[in-house]
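One letter stands for each residue in the lines below.
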Amino acid sequence: MLIELDRVSRAFRTPLGVVKAVDSVSLAFAEREVLCIVGESGCGKTTTGRLLAGLIRPSDGRLLYEGKDVWQTKGADLRKFRKAVQIVHQDPYASLNPTRTVSQTLLAPLLHHGRVRGRRAALGAATDLLERVGLVPAADFLEKYPHQLSGGQRQRVSIARALTVEPRVIVADEAVSMVDVSIRISLLNLLLSLRREFGVTIVLITHDLAVARYFAREGRIAVMYLGRVVELGPTESLVSDPAHPYAEALIAAIPEADPTITRTKERVPLRSADVPSLLDLPIGCTFHPRCPRMEPGLCDLVRPDLTAIPGDREVACHPAVRERTGQKVALAT
Amino acid sequence: MNGAPSVLSVRGLSIDYLTRRGPVRAVRDVTFDLAPGETLAIIGESGSGKTTLAVSFIRLSPRSAVVRAGELLYTKGGLTTDIRKLDDDDLREFRWSECAMVFQAALNSFNPVITIWDQFLDTAKAHGMKDERAVRRRADELLDLVHLDPRRVLRAFPHELSGGMKQRVLIAMSLLLDPQILILDEPTTALDILTQRAILDLLRELRGRLGFAMIFISHDLSIAAELADRMITMYAGRIVERASVGDLFYRPRHPYSVGLLRAVPRVSGALGAIESIPGSPPDLIRLPPGCSYAPRCPFAIDACRAAEPPLVAVDTPAHEAACIRWQDVAKVVGDAQRPVAEKLA
Amino acid sequence: MIASAVEFLRLLSRRPVGLAGFIGVVAFALMAYVAPLFVPLLTDPNIREVYQSPSFAHPLGTDFQGRDVLNQIVYGGRDILTVGFLAAAFSTLLAVSLGGLAATVGGRLDTVILAITDVALTIPQLILLIVVAAIVRPSGFLVLAVILALLQWPSLLRQVRAQVLSLKERDWVEAARSLDLGLFHIIFREMLPNMRSYIAIHFILAMTQAIYAQAGIIFLGLVPLSGQNWGIMLYFANSQGAIFFRDSFWYILSPILAIALFQLSLVSLASALEDIFNPRLRSA
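Chains as they are written, first to last, in our numbering: chain A, 165 to 497; chain B, 174 to 518; chain C, 22 to 305.
Heads up, a few of these hints could be off.
Below 27 Å or equal to it, Euclidean Cα-Cα: the simulated DSS-like pairs (lysine-lysine) are [what the hints assert, rightly or not]: (1) K492(A) <-> K189(C); (2) K298(B) <-> K249(B); (3) K189(C) <-> K247(A).
Simulated from the structure, these hints should not be mistaken for laboratory data.
Please take these sequences and the hints and turn them into a complete structure.
Structural data, given as structure tokens:
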């Protein structure tokens, strides 16, 4: 495994108490993988992405890169990790320094890390990168300031910037959510092409399941709820046959760009619309107050862990596990 | 809907923004009708002019916006008035009691330092309802209608409510004076999936019970698929296609509509040939001559760049597209009742 | 460099107040530094012409020893401006480095720097200035400049720290950290350009404060008098009773006007700087 989150938690202290934004999440990524982390707001997906990129420290658990605990390494190993995992941000209007031109933004990492010697070679490399991300002719873009570029163009510059250090993993945090609908796909395709060409592992964090389905169609999806991963598996099978009731409800709830489908789609009614506060999580399965398949005496007492089910999938749900594997869950005594 | 006079008629509306670099032609020659009880979706992306258009209906445009031409006609009980010609008092009466606007809850549409009840009261008083008890009764009624608990919500400050709750409150407030028309600007953007679903279902329910006409503005095609009877796609300030929702989703005739439909992935069904539209929207100050979509259009020919194509009827009189090559588009897209991306795969 | 100077003037030309300020500052600088190269300082007393009102020979009148006031005004700028500039430079440098460091590194370093700053802020500046000046009796520029700088850095440091703390949260700073570009690069190449207008305005205001402070302590006689400058003129005007005569009115007024006009030019220039440093105005 290239990079791995091993039972990672992250707690935040708020005036009202301690909140676990991420609770014991384990995710492993191989090289050249595509994985989408999907969930609604407050599920912890952004925090998970930042933990993965090493931008914040876990309160518990380990972040492993090439088998080594990142937060225990120093010096050359740590620097190697820093460059290996890059992040592409959501807001194109905040992802670039407004006082620096595109060439300044790209040249800094190229020259700093000695990948190229001298300004001329660096400009050449920057030109290549701009062309690679589809900003052609590159010369037109080098001397521009961010406010002279469109949202989609800025995101491409962000991606080019990430590529200057030849990363092994790119974490894209809602990287297409603030961009026009008609160009989202081209940005997603760009990221996918990086995986093909450079073998980069791409982790896309999004709240849009349709985007996730498209982007990770050859990869996996992880569904998060209130800080935990509740379902994990290959995209097509997860989307066509969700195991966790929350995933099922999400997929059924999405409005689709097709009148016939969307007006006849069957919704999964939930028992309650209230999302529990992270300060006061329900006992047992955190989804049980809203879950249509909730089993009293089980779901409200025992917290389900991510368990393997057929099809190389995992789900954290007692009824679902029992149904798909025949295993029974031992009740807490 | 046929035969009934339109409740709102827009004729040849053109709006410019005055900027230092020159006038930005945000809305160009927009014409459409809204029948009573009908739901119309105006779909466009950034720079399409949709929001400029929407705020102009209730004359809420910023001072830098200038209406160059056009009429906005409102008809009720046989009487037609030009909204543009209303004086301040009549305008205030028109706003909210005839036509109300629901803004994006996520965009700080509330005064953060007063309670929801105070906002209700302020709005009611501003529109002539002075009896506090009557307002209270009405607020209870409306919050009930949107499935919120009045006792909890009215006491709260905006920051104490979730995004979905705030959007419901805005919808409730808009219904205060029982308007004929509701205009919604990006009603579900920035909301979570499950909350979105709840709001969409709520709008459908309210529409059924109260019978108002709705115009909603969005970049999200799927909301149109959910709720709209008819749709308009806008590009660079102009209407490029106008059709019933079925016609537009399954039989689009303008290349931009086709491009937009192909750029949106779905969760259900086959993925189909999904791809982006290349290029970017044009500079609204210096528009290229001819069709403004031509630089990005796979069907473009020289004739397209000569003159701006007018909206012409295609297939049926109720379906119009602004493209001189619509028949070629029709040949590619076909007539089958299936999503465009699937058909083109 | 030349391109940015031309750009600067172009943007300035659109802002009349700023342009007027810029011209004023340049004019004073030329007068203070260049004029003395061509015109000698007239120091010979001329008892017959004591406290004369303005005339063609003496446009601003004469002082208590019959010397030309205008001549002294021309000469009087150099010391004041130089010390003001140096004091502003020292305090800005100190505040920006320490404030930036405190905000970026955080933790204990931040707490320590903040504590020192807060203590320094509570000491009344005027009293401190008087006491330090009386003890040290600064006779050179540098010493005086350092003393003045030491009074100004605390408030600027707090503000720079606050700015950097807010900039630290920006996505592009996070990206720079992710790219492992190093603390120096992040503070000086990424964040500092976003604070340029901020720092320039503070520099100018620090200069105005330093000039007032100088004029003050010289006027109060706390600094050994040497050479000739506006502050010294004020001192003598006061101690030699110029305020009691009608004809000597200009001897008092001239240095006051000189100081005031220079300060006004500085402040006017500062008012335009925020706009000028905004990159959004730089496009073609």
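Which of the listed hints are broken here? The structure conflicts with hint 1 only, although it agrees with all the remaining ones.
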